[in-house]
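Since the structure of chain A is already known, use the hints to place chain B on it.
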Amino acid sequence: MSFLWIKAFHIVAMVTWIGGMLMLCLLLGTLSRAPVLRLPQERRLMFMVRRWDRTITTPAMVLTWILGLAMALQTGWLAMPWLQVKLSLALALAASHGMLAGKLRQMTGDAASPPWVGLRFAAGATMATTALIAVLVVLKPF
Amino acid sequence: MTYPNHTNLLTLRRLRAAALVEGATLLLLVGIAVPLKHLAGLPSAVSVVGPIHGMVFLSYLWMVFNAVSSQSWTGREIGRMLGGALVPFGALFTVSLLNRKLSLLATQEPGNTGGSAS
Numbered sequence: 001m002s003f004l005w006i007k008a009f010h011i012v013a014m015v016t017w018i019g020g021m022l023m024l025c026l027l028l029g030t031l032s033r034a035p036v037l038r039l040p041q042e043r044r045l046m047f048m049v050r051r052w053d054r055t056i057t058t059p060a061m062v063l064t065w066i067l068g069l070a071m072a073l074q075t076g077w078l079a080m081p082w083l084q085v086k087l088s089l090a091l092a093l094a095a096s097h098g099m100l101a102g103k104l105r106q107m108t109g110d111a112a113s114p115p116w117v118g119l120r121f122a123a124g125a126t127m128a129t130t131a132l133i134a135v136l137v138v139l140k141p142f
Numbered sequence: 001m002t003y004p005n006h007t008n009l010l011t012l013r014r015l016r017a018a019a020l021v022e023g024a025t026l027l028l029l030v031g032i033a034v035p036l037k038h039l040a041g042l043p044s045a046v047s048v049v050g051p052i053h054g055m056v057f058l059s060y061l062w063m064v065f066n067a068v069s070s071q072s073w074t075g076r077e078i079g080r081m082l083g084g085a086l087v088p089f090g091a092l093f094t095v096s097l098l099n100r101k102l103s104l105l106a107t108q109e110p111g112n113t114g115g116s117a118s
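Protein chains in written order, with the working numbering: chain A, 1 to 142; chain B, 1 to 118.
By construction, these hints were calculated from the structure, which means they are not laboratory data.
For every residue, glycine included, the Cβ atom is placed at its ideal position computed from N, Cα and C.
Take the hints with a grain of salt, since some may be wrong.
[Said to hold, decoys possible] Looking from chain A toward chain B, a few residues come up when the C-beta cut is under 10 Å (computed):
hint	residue
1	Thr58
2	Met61
3	Trp65
4	Leu73
5	Leu78
6	Gly98
7	Arg105
8	Gln106
So here's chain A without its partners, still in its complex pose (with noise of 0.2 Å):
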């Protein structure tokens, strides 16, 4: 498969995955806002989440990953800082978005659960991550 095609998947997985993951923060975070106890509609609303999250999200994730990787050793970028930076920060929003994932399934299976205070700020530190990312990514500047 050439480079553009790879690349051109890389980015469609990579939306795909970062768009699930802020449906996530905005999930929980409403979630944490709320009170414990859960209504049946927002119960309703968060295994639809969640499954969205299993089909889709997390393949998502696999395959950015698989890709990027791809298109790393088809360039040599591997030894370039800026690719291990752009690497460390991938890494951080793949936790992330295990974590997120984890707390969902808490959330649902239990519905006394408590939320997670830093669920709030969650989207925010997402947005910015995935920023740095694409900055790093089109510079490439160093």
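Below, chain B alone, put in the same frame as chain A:
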């Protein structure tokens, strides 16, 4: 605790499997691929095993944070889980920690008075 223990058990069992695979690929990378590159002049081993280990490490990291956020873990335990993934044979320590947590959870299963966690 109303959150089903069964789900926690499943998460920990998957994490244990991921820790073993991560430890194995790290050993392959550090013990075979890197020496092959530097001593035998065969860089292809690293270029094959490196990305595989990278993907396995990513999955492991994702699963650690997934488990940590849905269960009660201490900072020390999280540090052990992450540190164990960075050093060869560190997986043995993480697996023993997970086995302990699994045994503890298994005894909390309704109707279970103890027994195997695997």
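Hints breached by this structure:
Result: no hint breaks.
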